[in-house]
Amino acid sequence: MKKIDRSNPVRTGFHQAKWDEPVIFELSQPGERGVLVNKAEKAVCEATEGTAAIPEFMKRKQAPGLPEISQPRVLRHYARLAQETLGADVNIEIGQGTCTVKYSPKVNEQLANLPQMREMHPLQDESTAQGIMEIIYKTNQYFCEISGMDAFTMQPGGGSQAILGMASLVYSYFKSRGEDKQRNEIITTIYSHPSDAAAPHLKGYKIIYLHPDESGYPDFEAFKAAVNEHTAAFFVANPEDTGVYNRNVLKFTSYMHEHGGLCAYDQANANGLLGVTRAKEAGFDMCFFNLHKTFSAPHGCGGPACGAVGCADFLEEFLPAPIIRFDGEKYYYDYANAKNPYGMHKIREFNGAAQVVLKTYAWIRALGAEGLYQVAKTAVLNNNYLFKKLMELPVVDAPYIPGKQRIEQCRYTLEKLLEETGVGTADVQRRMMDFGMHYWTSHHPYYVPEPMTLEPTETPSKADLDEYIETLKYVFNEAYTDPEYLKAAPHSSVCHQLDESNMDDPEQWAVTWRAYLKKYQ
Amino acid sequence: MKKVGLLVNPVAGMGGSVGLKGTDGLAEEAAKRGALPRSPKRAEAALKALLPMQDELLILCASGDMGQSEAESLGFDTEAVYAPADPTTAADTVAAARAIENAGAEILLFAGGDGTARNLVTAGVAIPVIGIPAGVKIHSPVYAVRPEAAGELAARVLKGERKRTKQAEVMDIDEDAWRADQVSTKLYGLLTVPDDRSLLQHGKAASPASEASQHALIASEMAKRMKKGCYYLIGPGTTTKALLDGLGLEGTVLGVDLVEDGKLVQKDLCEADILQRIAERETFLVLTPTGGQGFLLGRGNQQISGEVVKRLGKDHLFVLATKEKLFSLQGRPLLADTGDLEADALLSGYMRAITGLGEEQMIRVSGT
Chain A
1 MKKIDRSNPV RTGFHQAKWD EPVIFELSQP GERGVLVNKA EKAVCEATEG TAAIPEFMKR
61 KQAPGLPEIS QPRVLRHYAR LAQETLGADV NIEIGQGTCT VKYSPKVNEQ LANLPQMREM
121 HPLQDESTAQ GIMEIIYKTN QYFCEISGMD AFTMQPGGGS QAILGMASLV YSYFKSRGED
181 KQRNEIITTI YSHPSDAAAP HLKGYKIIYL HPDESGYPDF EAFKAAVNEH TAAFFVANPE
241 DTGVYNRNVL KFTSYMHEHG GLCAYDQANA NGLLGVTRAK EAGFDMCFFN LHKTFSAPHG
301 CGGPACGAVG CADFLEEFLP APIIRFDGEK YYYDYANAKN PYGMHKIREF NGAAQVVLKT
361 YAWIRALGAE GLYQVAKTAV LNNNYLFKKL MELPVVDAPY IPGKQRIEQC RYTLEKLLEE
421 TGVGTADVQR RMMDFGMHYW TSHHPYYVPE PMTLEPTETP SKADLDEYIE TLKYVFNEAY
481 TDPEYLKAAP HSSVCHQLDE SNMDDPEQWA VTWRAYLKKY Q
Chain B
522 MKKVGLLVNP VAGMGGSVGL KGTDGLAEEA AKRGALPRSP KRAEAALKAL LPMQDELLIL
582 CASGDMGQSE AESLGFDTEA VYAPADPTTA ADTVAAARAI ENAGAEILLF AGGDGTARNL
642 VTAGVAIPVI GIPAGVKIHS PVYAVRPEAA GELAARVLKG ERKRTKQAEV MDIDEDAWRA
702 DQVSTKLYGL LTVPDDRSLL QHGKAASPAS EASQHALIAS EMAKRMKKGC YYLIGPGTTT
762 KALLDGLGLE GTVLGVDLVE DGKLVQKDLC EADILQRIAE RETFLVLTPT GGQGFLLGRG
822 NQQISGEVVK RLGKDHLFVL ATKEKLFSLQ GRPLLADTGD LEADALLSGY MRAITGLGEE
882 QMIRVSGT
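Sequences listed follow chains A and B, in order.
The first sequence maps to residues 1 to 521 in this note's numbering.
The second sequence maps to residues 522 to 889 in this note's numbering.
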């Protein structure tokens, strides 16, 4: 037996599973079956009157076209697909900048999976739901403390819905003052998350974008020129995805208030700020946090999401109903806001994703106030270690004030690499997959040329960070020694290069199986 | 047999290697300084992508090193439809392009730079073209990002996988001015190209939304804002042309057209026409900056003089621009160079540009 050699920090032997698995509809065999569904119990049948209670026009004329597949084949199908993903449990999650993909403690998953939680129904009587109501109530209070806001709702089902919630608060406020027709513009920045523009736009607002100034901050002079009697609010992230913290943010919020507008804080990038700065002191009237990012409940496809929206007391009456309150003895639903003629009433059904709030509550309780502050410090330390190491590489640069410390993430530029080798950031992105690693460029359209956005969070160890850095170095070096091989990447991933040239052609899209059959069969 | 046009400007790109900043009118000087032709090699790199479908293709070209020798060296069937002079000139490019189109080519692959693209505009080529980048100056988004990409795109078009086309701007800079270190980009016309992201798309700012869809949204927003009973002067450019298209109007691409209540009142106005119209009723000006240097005024739209700007005022100016165009400025201001300092100063400072439906960006304008 040979001694195991681990001297190469780069995982060159990685190869992901590739099953070439068909779409589940293609696996369907007529008559094949996974489970025989029992008839409903007699009492259930009587209570629902079988299908008699369903109006005729709502009944299907033919059975749904669901795939007919046996249990082992279903299991194999999804197990194979699971092997073809690059989830947070198998890769060093540094490369998904702005996503704050951190470790989600498994014990919290078990907690959310307890039968007491799993089998609850949002419509059950509040006297039987006191536990989760207490948890949501207390989590609201923690968030008030974290942000300085006066009230919170956990109802929105994600970050974009939370921003829509903030836009709805703005709308409700001005409607209550009879200014909703006049104040129809919202100002945001190029570097804020796209939903900071998209969600208010959905609400009917005109969007005005600010470009950054030479320091990377939103251009204050442009801001002043943009604010007028039509301005309803300023929606901004801070730090933006550049990782640059706008220390002049109070100047912006003060100016907005002087001109009668409101200020909404996108706190999707809050991971480096816990216990350091608060929305209130920065002059914001409302803010939101992603529980599935900063507060460790799994992100994205890992589970349902929750965007917690907080606001100052003068906006509380417009929050969606119900709000959970405590009368000294018991927790109860307060539906008063549902009757507010200007309020949004609902942004989603019930109280949002309760299990996400539960995981967040458990995470905050496990860490405590000092633990949250430590999360921020470690996340910032990790990011600045990465920043320093990467900025030592001649092909990496970061725009704006040279050497300025970033908060929890950084948007770099690989423009020099492209100029010298013809290898661009999209090539590097595909090649990193060959080492089992994520890598993110930027929202589109790119503002920073050849962008690379990395966010390590507090999760990775120094060894993890070093492995990621060494892998990037390996890829950059390959750009000089074997650019053609690099450009043909990925070589060890599930899919090799896809032809993206028609992705902007709606004529060729098929977003459902039925659409695919219609267009291509 | 599918007929594919191939046109190689054999001197394109020669000036760059010997420090001449372009080869327009200087091919002999470039050759004297030891410059070697580079466009034939680049044309061959593009053609290689068509080798798998070689048996189905007939290459229509000009004889000699304007296309035929490159295609034949790779074993393609060719038909020379034009015989150029020796040495070749821009007139040969124009004549060859016309001959190739008349002989029935489906698409035209051409190797050159901005000057060559201008020759195709002069020739009035209407079939889709794909530029193989070989020149010193590549400002026009009719060129593929690499020679190989040009060939791959041609293959997709010929296989019927890429059917959409769009109009792309042919830009060029004044080489004499450039050699004197003055950059001056001008819009010379439009060419039809396949609507594909492998074509140069305002340089570095990639976008998931096609340029055509962005143009349509910008045009919708502008159309919504047009008031009844007012004149709208529509300046040159593809973004402003999208507005005319959206209104169903046949305007000019390079000129200034006048619109009132959705109708084209006058085409291609000169400065005197514009001033006369302004005197008639409330008038608004709709402009789009040029790509590259981002000139709002003073390049390719000199009929919109300082006097016009002063009469209209800043509040009667609409700026339309795609996000890519503004992003490609990388923080630099848009430029106004009407030759009238007072007018340029009037425009200087911040204003809004329409970038989509219900969407604007704050832009900075600077007098040069």
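No lab work stands behind these hints: they were computed from the structure.
For glycine and all other residues, C-beta sits at the position ideal for the given N, C-alpha and C.
Some hints here could point you the wrong way.
To be verified - According to the in silico footprint, chain A covers these stretches of chain B (three or more CB under 8 Å from chain A): (1) 603-610; (2) 680-689; (3) 843-850.
Claimed, not checked - Listed below are several chain B residues computed to face chain A (Cβ distance under 10 Å; list not exhaustive): (4) A620; (5) R677; (6) D794; (7) Y871; (8) I884.
Comparing the hints with the structure gives:
1. 603-610: The restraint on the stretch 603-610 of chain B is violated, since only 0 of its residues have a Cβ under 8 Å from chain A and three are required.
2. 680-689: That given contact holds, which follows from 4 residues of the stretch 680-689 of chain B lying within Cβ reach (below 8 Å) of chain A.
3. 843-850: Since 4 is at least three, the answer is holds.
4. A620: violated, 31 Å
5. R677: holds, 7 Å
6. D794: violated, 33 Å
7. Y871: Cβ of Y871(B) sits 4 Å from chain A, so the hint holds.
8. I884: Status holds, d = 8 Å.
In summary, the numbered hints that this structure violates are 1, 4, 6.
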